[in-house]
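Listed here are the chains, written in short residue letters.
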Amino acid sequence: MTHTPDDVASRGLRESATFDRTTIAAIQHAARTGIYDIRGGGAKRALPHFDDLLFLGASMSRYPLEGYRERCDTDVVLGARNAKYPLRLQTPVTIAGMSFGALSGRAKEALGRGASEVGTSTTTGDGGMTEEERGQSKHLVYQYLPSRYGMNPDHLRAADAIEVVLGQGAKPGGGGMLLGQKITERVAGMRTLPVGVDQRSACRHPDWTGPDDLAIKIGELREITDWEKPIYVKVGASRTYYDVKLAVKAGADVVVVDGMQGGTAATQDVFIENVGIPTLAAIPQAVQALQEMGVHRTEGGVQLIVSGGVRNGADLAKCLALGADAVAIGTAALIALGDNDPALDDEYRKLGSAAGYYDDWQAGQDPAGITTQDPELQQRLDPVAAGHRLANYLRVMTMEAQIIARACGKAHLHHLEPEDLVALTIESAAMARLPLAGTSWIPGQGL
Amino acid sequence: MGALSTPVIEDAPTSTINDDDAGAAAAGSTVDVVVHDLRTATVRELNAALHALPEGDSSRWRVLNPDGTHSIAAGLDRPVTVEIEGPAGYYCAGMNQHATVEIHGSAGVGVAENMMSGRVHVHGDASQSAGATAHGGLLVIDGNASARCGISMKGVDIVVGGNVGHMSAFMAQAGRLVVCGDAGDALGDSIYEARLYVKGRVASLGADCVAKEMRPEHLAELTELLRAAGRDDDPAAFTRYGSARTLYNFHVDNASAY
Chain A
1 MTHTPDDVAS RGLRESATFD RTTIAAIQHA ARTGIYDIRG GGAKRALPHF DDLLFLGASM
61 SRYPLEGYRE RCDTDVVLGA RNAKYPLRLQ TPVTIAGMSF GALSGRAKEA LGRGASEVGT
121 STTTGDGGMT EEERGQSKHL VYQYLPSRYG MNPDHLRAAD AIEVVLGQGA KPGGGGMLLG
181 QKITERVAGM RTLPVGVDQR SACRHPDWTG PDDLAIKIGE LREITDWEKP IYVKVGASRT
241 YYDVKLAVKA GADVVVVDGM QGGTAATQDV FIENVGIPTL AAIPQAVQAL QEMGVHRTEG
301 GVQLIVSGGV RNGADLAKCL ALGADAVAIG TAALIALGDN DPALDDEYRK LGSAAGYYDD
361 WQAGQDPAGI TTQDPELQQR LDPVAAGHRL ANYLRVMTME AQIIARACGK AHLHHLEPED
421 LVALTIESAA MARLPLAGTS WIPGQGL
Chain B
1 MGALSTPVIE DAPTSTINDD DAGAAAAGST VDVVVHDLRT ATVRELNAAL HALPEGDSSR
61 WRVLNPDGTH SIAAGLDRPV TVEIEGPAGY YCAGMNQHAT VEIHGSAGVG VAENMMSGRV
121 HVHGDASQSA GATAHGGLLV IDGNASARCG ISMKGVDIVV GGNVGHMSAF MAQAGRLVVC
181 GDAGDALGDS IYEARLYVKG RVASLGADCV AKEMRPEHLA ELTELLRAAG RDDDPAAFTR
241 YGSARTLYNF HVDNASAY
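Chains as they are written, first to last, in the UniProt record's numbering: chain A, 1 to 447; chain B, 1 to 258.
Don't read these hints as lab results, they were simulated from the structure. If you're wondering where the values come from, they're calculated on a predicted model, not measured in any experiment. Possibly wrong hints are sitting among the right ones.
[What the hints assert, rightly or not] If the Cβ cut is set under 7 Å, some of the chain B residues that face chain A in the computed set are: (1) Asn47; (2) Leu53; (3) Pro54; (4) Ser58; (5) Arg78; (6) Gly94; (7) Met95; (8) His98; (9) Glu113; (10) Gly136; (11) Thr246.
[Stated by the list, open to error] Derived coverage of chain B by chain A (criterion: at least 3 residues anywhere in the stretch with Cβ under 8 Å from a Cβ of chain A; other residues may be distant): (12) 66 to 77; (13) 139 to 147; (14) 168 to 177; (15) 194 to 206.
The C-beta atom is built at its ideal place from N, Cα and C for all residues, glycine as well.
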């Protein structure tokens, strides 16, 4: 039986804020099965986020640009610090790393098609580079992960950039996991594992420890690729100020900071919800680190890519105003491909979920054909149509950010600055280091 | 050779090159050897020149005064032979394909890491993570290897003349690791399908790693590996270790094993 809030209130029932229905269900699930919940996606709890920030549009004291008339550029160059061939993207929205294995080959192809249609990059994931993805991606970032599944120097040389992954926002300090039901013959072959076994990805790299070693590792990757490719370092947001400084010192051309709203293909719910910090709290720390090292928005500097809960052009504009050079999207890109489509609600319900709630990306039963290796389910996703949906969404995000930037008088998205923003709550003001709206008060920074 | 600032082509008798590739030239003949001195030219110049060689090039190179320089001969993709005359730093011969690399000295962290094919021979000791994640080829270490030898190996063959340190063959997926001395703690922890052969004492086995029967096919492959490494150890003196395969799929009853 479903209880509407009105029913419950009229009968004098009161839900506990501590033992709410989700908590009760989790305790009951643990008691019944003896196992914790594993799921996909990022943190679901309410967190200080981009919605807690507002832009100050131009008026008397600032001069706006004419919408639909005056240019507001969106291009970004990533990795010019050391690389012979930096990435030159048309929009600062990139596609985050998601593995073939976690996603079907057709979903990876769709991501490549969508990204290429708008001139941005997509990223491999654990498990190596697939032909579908390389073939359809104009700009492909190759992830270098602790497991080194499918790691191959030919792919390294075929990539347009290399991303050394230290962690991700959903699980800083955690390795990966791909449950046996998704380890088909093709996935197993690419990862050199038996079919059907749980694939555990290590949480630490096997041949280096700490930032001094990382500097040598980056040197090796540059040598192997003849200093042609930009090298990114990706960290999950936790001690972001220090991690970014160490990544820059180790030689990163680009630093990727992924907040706790960033998704995962399969991680324990307790990890996703309780480890890491919100994206909003991480960005100013990263920017401060880059500024103190003299590499923020400078010639030959280090670019910052932010990910974790970026959903629309406003989020993009806020990230850039806070100091990011680009953003990466994962969950939002999957939704654009067709994840959690209301048209599939009946099928989600058969799996014990519902459209808008489906997060069992680890299970391999995705009715949308995205987070699955099932041969029949995969066929449901048309990579051409899905790629085009993604391209549409990326264009909308970019245009939305341009609308805001013009209103703030900016001829390039990168001209947005913290001065254009205020915060709605004390928490977001403190984390984003912005004044509370209508005041000049930045909590934590004295008067 | 244009990228090299100080290449020297010398006519040297093959016997002075310490070559075990009998096909290179008949005894007493001469071959061209490119000499690269790392005191007068950079490792970047060396690697750029090696990467620029035409497909199928099988030239011979000598690297003088390596002095622990990192990434020497990393990313090779040609059937060349590179002799390194002294100690190499981190990631020597990293991601090797097709090449033969001889290190006449010790090797730093991650020698032959992620090797795909070819042969790397350390005529000395190796530091941590030797042969880490390597997919193919043969890594021979005449002396001892430190911790994590063969970590996450994915098909490489590794033969160590001496001992290996703790956590060797951690999460080893495929390939063979031969240890002619002793193995440190937690050998083969969370191992998948790699096969380990140890002649000496094993300090302790890691999770899901067990001693296994040495059947004729194992004796045969071990004999072949020892021969390829130029060793005369008795294969019958080794014990085989591998996965018990009890942790391949997570089950709550196994939680205490991790």
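Exercise for the section: Return the numbers of the hints above that this structure violates; sort them in rising order. Expected result: 2, 3, 4, 5, 8, 10, 11, 13, 15
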